Amino acid sequence: MEKLENIDPRWVYLVMAILLTIPILKPVGLALGMDEGTKAVYNWVESLKPGDIVFGDVAYAGGSDAELSPQLSAWFYHCMKKGAKVVMVAQWNTGASLGYKVCQAAAEKAKKDGYSAEYGTDWVYVGWKAGGTTTWRQMQVDFWNACAETDHLGNKFSDLPLMQRVKQWTPDMPVMIFSAGSPGVPTYTNYFVGWPLYVGNVAVQAAEIVPLVRSGQVKGNLLGMTGAAQYEVLLWGGGPTVKKMDAQSLGHLWIIVLIVLGNIGYISKLRKKG
Amino acid sequence: MHVSTDPQVWIMALCTLAVYSYLYKENPFWRLAEYALVALYTSYSVAYYWHGYLIPRIKTYVIERHQYYYIVFGLLGLLYYCRYLPGKVQWLARYPIAVEVGWGLGAVIAVSPRSPMQQLADSMRPLKNVNDVIFFLLLLTAFMYFFFTVGKKSPVVSVGGKIGRLVLMVALGTAFGNTIQGRISLFLQRLSFLLADWLGIPIG
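Residue numbers (the working numbering), protein chains in the order written: chain U, 1 to 274; chain E, 1 to 204.
Bound conformation, chain E alone (with noise of 0.2 Å):
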């Protein structure tokens, strides 16, 4: 066993503790984690932005190549900004959103709908096997429970209904189980930590 003398490591396995000391309760430590953490990633995304897309930008684009139209939009992104200045010039930061959304809308109904028809199609397969056969039951119960117009008056969509309901059951389920994995996934990975790179402990 040969304990860690890397500072990086030491200030790793301490803010790790820090964040699980929360599980027994709320402390200055754990708030110490959280606030440490929300800092340092604002601030990384800051300095990532400003390094990795505006410099290199403006260097290739508006400096190297004279493509000025480049100022004009970044002008229009700064008006974003005038929410905090003094009431009179507050509404200038609606253009930026007027173009942003004016896209953005265009955009999303343009190519939206393909991805959700693609499944709704894959749903109606031929019923070659059992496991199609039962796919497609399954998948009628399910559309049941939604039924809220007709309801308890019909008494297949009434038991349909309550068969999709076990289905919908059955996939949350599922979800479940899987976002357990996630979770254990995570703390496994620092359990390896503090007990390999920290404590030198030999695993596995």
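Just chain U, same shape as in the assembly (with noise of 0.2 Å):
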């Protein structure tokens, strides 16, 4: 019994593969609750009309692709669907071209399915710009100078017609803030009171951010994959995503197997030892 406290971790890795494997083939189709964040997230884009300016933040790397690149995708594409105009910002460098490849991906989709998505017109990617919070409270003031008047393709503001309209980030231009650390949230928490502030985070982050939701600093978020699961269920009814939590939901299960497994050898060896 005792040896179930030192399993080799090869073959925990084994089995989480194996475990992991067989639902990404042929899912069972386990029941996917619903947060009262994604949906607030989701309503409020809902409640979005035609030409409303809303803001997108990539604050993440490539290390959190996984979790938040389908929420970015997913909302993304609803705002397009709304009618709503996006300017995406990236507070993390090595995260903006990433989030340029998703909006492009999102807005192609869009397109398809009959809505507007064309680029400058009803988005705009602006991308990452140095200086940190001293740049984005500067977004405020003079939101063309703080950027160098051109966007992450190199576009000048001029030749733009959504940046027509942006000239300052108003508190009446909400944002969605894709967060995997820091930089990210505290930059809104700190610099942009009074403007709607919404979250799609990382799973590892939910305890920081769930007292933001509660209280009132953030509106609405979405949880890691589940989040963006979720959201998928309220604007398709499915999705790419949803499809994974099958394998998520077996992949904890193995977890728990293992906690219990790991405490009854701790248990055997504390009796042996008397």
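The hints are simulated quantities; they were obtained by calculation from the structure and are not laboratory data.
A couple of the hints might just be wrong.
Here are the computed lysine-lysine pairs in the PhoX-like style, where the Cα-Cα straight-line distance is at most 25 Å [unchecked claim]:
hint, chain 1, residue 1, chain 2, residue 2
1, E, Lys128, U, Lys167
2, U, Lys109, U, Lys49
3, U, Lys3, U, Lys219
4, U, Lys49, U, Lys82
5, E, Lys128, U, Lys219
6, U, Lys49, U, Lys81
7, U, Lys156, E, Lys59
8, U, Lys3, E, Lys25
9, U, Lys101, U, Lys112
No experiment lies behind these values; they were computed from the predicted model shown.
Make one complex out of these two single chains by using the hints.
Shown next as structure tokens:
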């Protein structure tokens, strides 16, 4: 029994890999709950009127691609569907190009489905700008100046019709922050008081974000891959991320089994010692 | 099953396998993937900064609008590199640090208390229902755990502190569960890529 406390991690990984592969190939269709935070984000986008300007912030990089890109993709598509105009900024330089590709793919999908998603008119990807919170603070006062008047692709703001309406980042332009750490949400809770804030965060950050939601500083949040799957259910009735949730559940089940086994091994060792 | 013929997909797949090979044991393939990632991230950041920030600013503000004070602060920033020069001029690197720290401290002190204070205010709710009462009592016990000065001398603080420790453990357990979710998400994405994009096996 004491050996249970010292299982070779390689066996743990192997069983985990097998357990995750089976439902990926053949999903079981386990039930998926719906968080209030996800509903809040969805209802906010649903309430947008054509022409409303919203901001999105890519505050993540490749390491959080699995959790946050599906969220960004679904949210961005939803905005295009509602006719909202989206301006994307990026607090993480290492994720700026990744975020652009996700938005571009979502815009293509929206176009195929018959929605307007033209670059420059319906959305602009401003991307990463150096200077951290100073630059973000400056965006409120003079957005063009803070961004050197160029977008992620090197286009001049003066050539982009949407940017003619975004000379300042005012509180009537809410922001959805896709955050994997720092810099991330604190930039907005500290410097964007009065702006409606929504967050898509990695699961690890849940304990940090939930108090902000409860205190009203953040209006709604998507939590990791689960949040993306829930958003896909609300938006499309299902989606690529939803199919992965069975594997998530089995993975967690395996971890629970390991915790129980480890504790049995620990207690056995204690009893033997007397 | 149609295995991809795209070289880019093959490179991605082999890099993924090289990274996961670390789970078996440390090996040269893992090392290669690790070094390649660090080098790529660094070079990408430098190139992105150069083309996305520095050049547009010089073109727009210095050349087109003749706002030459950008040059002054640019030169101040360059003083950072004095650290790599002979000892006599290394002290010059302190000037950009002084400006940055001075500004940074002022900005942080000006706005930082706001966010935690809002959460603190939210913790003091009117006790209108059972949930709020439970929340308030558990909040108190969590605080008691950190009363190191009174400690075991007071039975209230002692018992409360023990309950508080359990409360903290529940919070940490939640964080652990969410961390597992995040890690599984990463693996699922790579697994989907290997099965569908690389090997061409239909999934889901």
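To see whether the hints hold, each was checked on the structure:
1. E:Lys128 to U:Lys167: violated, 46 Å
2. U:Lys109 to U:Lys49: OK: U:Lys109 and U:Lys49 at ~21 Å, within 25 Å.
3. U:Lys3 to U:Lys219: violated, 48 Å
4. U:Lys49 to U:Lys82: holds, 7 Å
5. E:Lys128 to U:Lys219: The hint holds at about 23 Å.
6. U:Lys49 to U:Lys81: holds, 11 Å
7. U:Lys156 to E:Lys59: holds, 11 Å
8. U:Lys3 to E:Lys25: holds, 21 Å
9. U:Lys101 to U:Lys112: holds, 17 Å
In summary, the structure is inconsistent with hints 1, 3 from the numbered list given earlier, while agreeing with the others.
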